[in-house]
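If you're matching them up, the sequences are chains X, C, E and Y in order.
Residue numbering for the first sequence follows the numbering used here, beginning at 760 and increasing consecutively.
Residue numbering for the second sequence follows the numbering used here, beginning at 997 and increasing consecutively.
Residue numbering for the third sequence follows the numbering used here, beginning at 2 and increasing consecutively.
Residue numbering for the fourth sequence follows the numbering used here, beginning at 406 and increasing consecutively.
Because the hints were derived from the structure by calculation, they are not lab data.
Yeah, the Cβ is synthetic: ideal placement off N, Cα and C, and Gly gets one too.
A couple of the hints might just be wrong.
Among chain X residues calculated to face chain E with C-beta under 7 Å, some are [to be verified]:
#1 E945
#2 D948
#3 M953
#4 H964
#5 P967
#6 N968
Spelled out from the first residue to the last, the chains are:
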Amino acid sequence: MSAAGSDLPGAGRLPTSARLLRSVRRVAREPLGALGLVLVAAMIGGAVFADILTAFEPNRISPRDRFLGPSFGHLLGTDQLGRDLFSRVLHGGRIALSVALLSTAVSLAIGVALGLVAGYGPRWLDNLMLLLFDSIKSFPTVMLALALVTLFGPSLTAVVVVVVLVNVPGYARIVRTRTLSIKESEFVDAARSMGAGTARILRTHVTPNVIGPLLILASMDIPVVIAIEAGMSFLGLGVRPPTPSWGAILNDGFAAIRDTPWIAVAGGLPIILTTLGFTFLGETLRDVFDPRLKGRG
Amino acid sequence: MTVLAIKGLNVSFSTGDGDLRALRDVSLEVPARGIVGVVGESGCGKSTLINAVLGLLADNGRVDGGSILFEGRDLTRLAPAEMRALRGPGIATVFQDPMGALNPVLSIGRQMRDIQYRSPLGRSEKDARSAEFLRRVRIPDAEAALARHPHEFSGGMKQRVAIAMALMMEPSLLIADEPTTALDATLEVATIDLLKELQEQIGCSVLFISHHLGVVAELCDDVVVMYAGEVVERGSARQVFNTPRHPYSALLLECDPARRPERARRLPTIPGSVPDPRRRPEGCVFAGRCPRRVDACRAPQGERAMEPGHMARCHLAEAG
Amino acid sequence: MSVLLEVRGLEVAFRAGPPLARRRFKAVAGVDFDVGRGETFALVGESGSGKTTLARAVNGLQPISAGSVAFDGLRIDGLGGAAMKPVRRAMSMMFQDPVGSLSPRMTVGDLVTEPFRIHRVDADPEAETARLLSLVGLDAAFADRFPHQLSGGQARRVGVARAIALNPRLIIADEPTAGLDVSVQGEVLNLLNELRERMGLAMVIITHNLHVIRHVADRMAVMYLGRFVETGPSAEIFAAPAHPYTAALLSANPEPDPDRARDRISLPAEAPSPMARPDGCEFHTRCPWAAAKCGTEAPAAVGGDRRAACHFPLGAGARPPAKESTI
Amino acid sequence: MLIYAVKRLGLAVVIVSLAMLLLFSMIYLIPGDPAAVALGPRATEAMREALRVKMGLDQPVWVQFWNFFRGAWTGDLGREVLSDRPVARVVMEQLPHTLALIAGGITWSVALGIPLGCWAAVNRGGWSDRIVGVLSVAVIAVPSFVVAIYALLVFAVTLRWLPAIGAGPPGDPGAQLLHLILPSLAVGLGWVGYIARMVRASMLEVLEEQHIRTARAFGLPERRIIFRYALAIAVPPTVTLLGVGIGQMLSSAVFAEIVFARPGVGKLVYDSILTRNYPLVTGAVMVTTVLFVLINLAADLVVGALDPRVRGRL
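Next up, chain X with everything else stripped away, as it sits in the complex:
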């Protein structure tokens, strides 16, 4: 049945800040969205205010305090070098967050550009780029990471490059597919018939219709990025010691898992909580703003 609500109250344009506030409210109304917001806010807050929240320096070695269990002094205990795990977890959040934001932004920029070119450009270029995307995707993520680290040596840059390589083919493919279908749509034909050039069509008709859903999908990929960073650091392929990273803490804990399991717990818990938080938030964002995307892998 088609809704006959042709006289909806004028839902015109609101100022950006008001729209943002309204969006946050809509997300917070869903139980899962609220949980996601709390977890993500806690993670960001912990990372930003790490220096205020704990008196311990994340990298200060204190041989006397090795392998202390959780207590009021050391909320999450200490590791094999006597470093305070709570402080390391908070500072590890900074690494996770900055890698996530940086690499997602870079992947989005490259992905949108390549996807637009593939989708709107000539057929042969499209085929060539698809082949390239498929080839990159045909490396399992870890293998790609291992190969790249062999090339560059372990570093944060290597992590970002891996994430970008993993994300770009997917983003570009989504942008390409949507561009292809938008290219065939009547509103693009209409713009062409009015005399609009390619640049104008891409700018005002294609990109705005591609970017929204992509942003939501990218926000749902943030937990994956955090997992890649932690995973690479866990394997010793990411940040170099003694920089605090959740993966590195987890690796320290794994080495001593039989006797001092709290180190592994301290490394794993923030990973679980943030990935859950970002996922719940991303899912709610998608359900609220673009339900059509539901069911995408």
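On the provided structure of chain X, position chains C, E and Y as indicated by the hints.
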């Protein structure tokens, strides 16, 4: 004898935005071997009416008043299993969209065999029966067609397969939901002719839903005009088309460009739009767009008999 | 009346089919027509007749494989983007889907003023929006709405407003009433008629619904498999169709009258595909009056303003008896 | 269908070739002299030179690439540096362990994911649907190596229900299966969620389609509608998803093998990187990549065979 008698049917859907009254006080009758046409524009409740008769209302929909008597049994009171037993052999349906109405991954033969699952016939006998009905709807090379999948047929052929499936059930009532809307006009004619011919052979009644007035005028014995979830006028095709009593029916007929054989400078229209189904007025549903509106239109309107078999839901309507 | 649009021998070819058996076929197979200034010309045909492809080819959205298109005395077929731009200012196009032809993330105000931005015409967007919306009978409050908040009829009006924004000389409208309820179709047709009179526009209207054009078109062409089977003044064609296909189309859209004599022409079979054109007269596979000659010899459309491509035009006497399938 | 299969196969060959090119350029670009790295600081220049010649490093780039390329296509991946055994054989020895792990992961994800997704779709909006929804999102979110470590901590270290390390003694299938439970759970858990969601979403989509309404309008039993009419359309997309999933499971397998100290290709690559045994690294990456491409190819062909629309199109 009456095959289907709907009396005072009310159907609502619960939505996040409050209840939506899709059908209000809908009554109609389909006599044995009769063809009854339901006409109306988008949002008039035609689809909801079919779903209510078939017992296939969406999960948030409910019948909250009235009855649907099919061969004397009230369908609104049947258990789901009893209702299911009626669908097919009792009431068979041809839907609007020939592209989507058949399962894309199963062969035509398999789908036609499946709907005969109640029959004691063996597999090859069922297939022979399927082929026979495909021949009757003039599908060339019927045996070979059984092995094919829906995407291998054109739109018109698919619709004929759907008609063959429905008539193979030899139902007492055939519901045809805009069966020709998706087809080209020249194909529409052939499909309607086929439908009418087979209906006479099988002897079933037909509830024919359409927005195409010309087709309804030609095919149907009786006509029901719906607007915004209500039956506004009902009568024989002659009564409704020759002497429409409800302002909406009259205007709708006037709007049909086929009615004016000579070139018109200004075509008649009905200004305004269908009321929001969540906020339909208590009184006449058409009052907001009616050129003859008066204060009394705000009061709820009942059915008024014009002549035997002809009624209109308008206090201004007059017999004769 | 001087000629505004002149189309000669226009052909559009596509390639289609499975990868190894890809074949070339003509969706539009050589059509000629003129549209005079201020005249309304209608193209009628069913799905697959090539009418939309023809419109797109005239507008330059679809490359043509043969023939010529001249607009206002200037050859426009094959013109590149920059050279075509001024032509597009004078020739607007309206597409089938009323809502789908509006960019979904733009407001109505942005949509109707987009032509000004494309052609860098200096204008006050708010004043222009108000002017255009009032021309098509929409309240100025619609300027802030998005396309999905409009009904089909309202979206169609926005499309019309955008099409007339730069005072074009020609509007090509593809199925302007498609997807609209009967009670709304009239509104759109009235609006087009009114604007045409007021602005002196020429129009090409593409539709499958004969009754729609009866009330708007001065002249018309009936298309079948990418060719014109009948052309002429619409009043004459409606009064006495000469081609059997035109007659079948007319009878397929009966007027709603239960007492009318049942004199319909029912066409057997479905239209052949343009990839497998029948020999002789391409309509003979479905024609109730087809004779032996029709299967071998293609009829030519001869005559002046009124032409029909048929060996045995209706009303001309010497016609073979109708076959069984007519009712 | 044949043309489709041939096209798809051609694409796979091109992709593998491109992957080889990428891998080769990587080896070629590695800073430092592979021979020097391999032999360590105490080797003489003569020894290095001998190894260089043996590894073909003295030849022009394109000759090196051609040798690499031809070798790879014929199954010759060179010899590893430490023990001079053929890389192909070393990798093939480890491959069955990894394959078993992935097969275990698929078993978990299919055996739990499809019924859960189906159950949620049929009870749409109910409690079971919501619980399945939140759970599947949660298991997708948590990275597999965290699952692996926590599973090890809880079930092997603390509760001692299941063995913690290794793949079990050869020739004892029961023990091997027992050793497989935790690692394959770590590999497959996320995919339980993916599959459940995918099946739910595509079931809901299919159940909304017109032909389901037709089937209902003919009074077909609901069970037959769900299992024969809807699942037949809803499941094929999950097969493609699994094709991609197996690639990601290969990633998870690396972690699972390290955490549970299981033999396998992942652990082999990891150890080889630590010992700078580059031929082994490239060989193993090559094999897993080919495997991944083949699995995707198989998934696409299976979908093609299952769906007559795809079969007919090409």
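Each hint tested on the structure:
At about 4 Å, the closest approach between the beta carbon of E945 of chain X and any beta carbon in chain E falls short of 7 Å, and the interface hint on this residue holds. This hint holds: D948 of chain X has a C-beta 6 Å from the nearest C-beta of chain E, less than the 7 Å allowed. Proximity of M953 of chain X to chain E holds as hinted, the smallest CB-CB distance being about 5 Å (cut-off 7 Å). Given hint, H964 of chain X at the interface with chain E, holds; its Cβ is 5 Å from that chain's nearest Cβ, closer than 7 Å.
The criterion of a C-beta within 7 Å of any C-beta in chain E is met by P967 of chain X, whose closest approach is roughly 4 Å, and the hint holds. This hint holds: N968 of chain X has a C-beta 6 Å from the nearest C-beta of chain E, less than the 7 Å allowed.
The structure agrees with every numbered hint stated previously.
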